[in-house]
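Peer 1: Using the numbering used here, you'd call the opening residue of the sequence shown number 1 and step up by one each time.
Calculated from the structure, these hints are not laboratory results. All values reported here derive from a predicted model rather than from experimental measurement. Virtual Cβ for every residue (Gly too), placed ideally from N, Cα, C. Don't take each hint at face value.
Stated by the list, open to error - Derived Cβ-Cβ restraints for the label pairs, each shown as a range:
hint: 1; residue 1: D102; residue 2: D214; range: 44 to 52 Å
hint: 2; residue 1: E180; residue 2: D210; range: 27 to 35 Å
hint: 3; residue 1: L217; residue 2: G101; range: 46 to 54 Å
hint: 4; residue 1: A129; residue 2: G275; range: 39 to 47 Å
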Amino acid sequence: MISRRRLTAATAVAVLAITACGGEPAATTVPAAPTTIQPAQSSEPPTTATTTVTTAAPTTSSAPTTTADPGAALGYTFRQITRAHEAASVSIIYPALIDLGDGAEERINSALDEWAEQLADEFVTDAVASGAATASLLEVELAPEVRSRSVFSVSGLQFEFDAESDFSTTRRVGWIFSIEGGSAVDAAGLFTDGSLDRLAAAAESHLVADVLGDPDLVTASAGLAPAAENYDAVWLTPAGIAVGFDQYQVADADAGSPAVLIPYTELADVLDLTGVLAALEGDMLPAGL
Numbered sequence: 001m002i003s004r005r006r007l008t009a010a011t012a013v014a015v016l017a018i019t020a021c022g023g024e025p026a027a028t029t030v031p032a033a034p035t036t037i038q039p040a041q042s043s044e045p046p047t048t049a050t051t052t053v054t055t056a057a058p059t060t061s062s063a064p065t066t067t068a069d070p071g072a073a074l075g076y077t078f079r080q081i082t083r084a085h086e087a088a089s090v091s092i093i094y095p096a097l098i099d100l101g102d103g104a105e106e107r108i109n110s111a112l113d114e115w116a117e118q119l120a121d122e123f124v125t126d127a128v129a130s131g132a133a134t135a136s137l138l139e140v141e142l143a144p145e146v147r148s149r150s151v152f153s154v155s156g157l158q159f160e161f162d163a164e165s166d167f168s169t170t171r172r173v174g175w176i177f178s179i180e181g182g183s184a185v186d187a188a189g190l191f192t193d194g195s196l197d198r199l200a201a202a203a204e205s206h207l208v209a210d211v212l213g214d215p216d217l218v219t220a221s222a223g224l225a226p227a228a229e230n231y232d233a234v235w236l237t238p239a240g241i242a243v244g245f246d247q248y249q250v251a252d253a254d255a256g257s258p259a260v261l262i263p264y265t266e267l268a269d270v271l272d273l274t275g276v277l278a279a280l281e282g283d284m285l286p287a288g289l
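Put together the whole structure using the sequences plus the hints.
Peer 2: Set out below in structure tokens:
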């Protein structure tokens with residue numbers, strides 16, 4: 001079972017407590033429910049695909065539905081899962097492979113379906129259990145970053161409003177799938193020694209240089225430590241490896257959910273070119289890497 005982090009009431013209370021001890025508190029005004037998540041700010045690594053989805057009014061509960069999209073010409077389409085309950089509203093939009101005609105396509109799509117269904121169901125269950133007077137909100141929108149003959153990589157933003165704690169946050173979501181193996185690849189699997197040390201060091205350097213502009217604005221250095229839970233939102237782009245961080249993970253609320261782009265050449269000496277990146281060498285990696 002594949003999972004990604006999500007907000008819980010306990011997490012929200014903990015973050016609010018930390019904020020109260022130092023720094024400015026995050027705004028807790030409940031936003032109007034958008035139909036799609038707004039694009040990230042300019043600090044986000046460039047997205048190589050555009051999501052064009054018409055969001056229908058949510059039903060009480062829905063299985064994944066396929067939405068017609070121009071991306072179909074590139075070998076993918078979009079699916080959507082919705083939940084509508086008096087305690088919670090959920091919309092999760094994510095890409096799905098088409099036209100591969102083998103077991104890998106089914107395994108990759110099933111992994112994304114399972115993740116989306118589990119995320120939606122757990123969010124509604126938690127919202128119902130909280131007994132909050134207003135509805136909680138979960139909106140997720142993912143788009144492809146790379147669709148090559150060897151790799152399918154996607155990324156996006158996850159917005160959550162927890163009615164019980166009156167707290168909202170955004171999270172990064174990233175996936176790397178090996179088309180040959182039909183399975184997800186974690187960040188450590190990109191490196192010869194299976195270590196996240198070099199990725200973590202590069203991510204911190206780019207976070208300060210490209211996003212925050214001041215090392216003193218890194219207020220939660222533990223969120224940058226080379227641990228798997230800190231690097232579960234990693235994806236590939238034609239230009240390099242992208243790393244996303246949740247709001248509050250590495251900096252104050254004003255930083256949002258920052259993302260950094262690390263060129264392949266910067267990590268060339270530790271990349272495992274016999275793994276998922278092997279076939280990419282002929283697709284997109286710089287010559288001679």
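Peer 1: For each hint, tell me whether it holds in the structure or not.
Peer 2: Okay, the hints, checked on the actual structure:
no.	hint	result
1	D102 / D214: 44 to 52 Å	holds, 49 Å
2	E180 / D210: 27 to 35 Å	holds, 32 Å
3	L217 / G101: 46 to 54 Å	holds, 49 Å
4	A129 / G275: 39 to 47 Å	holds, 41 Å
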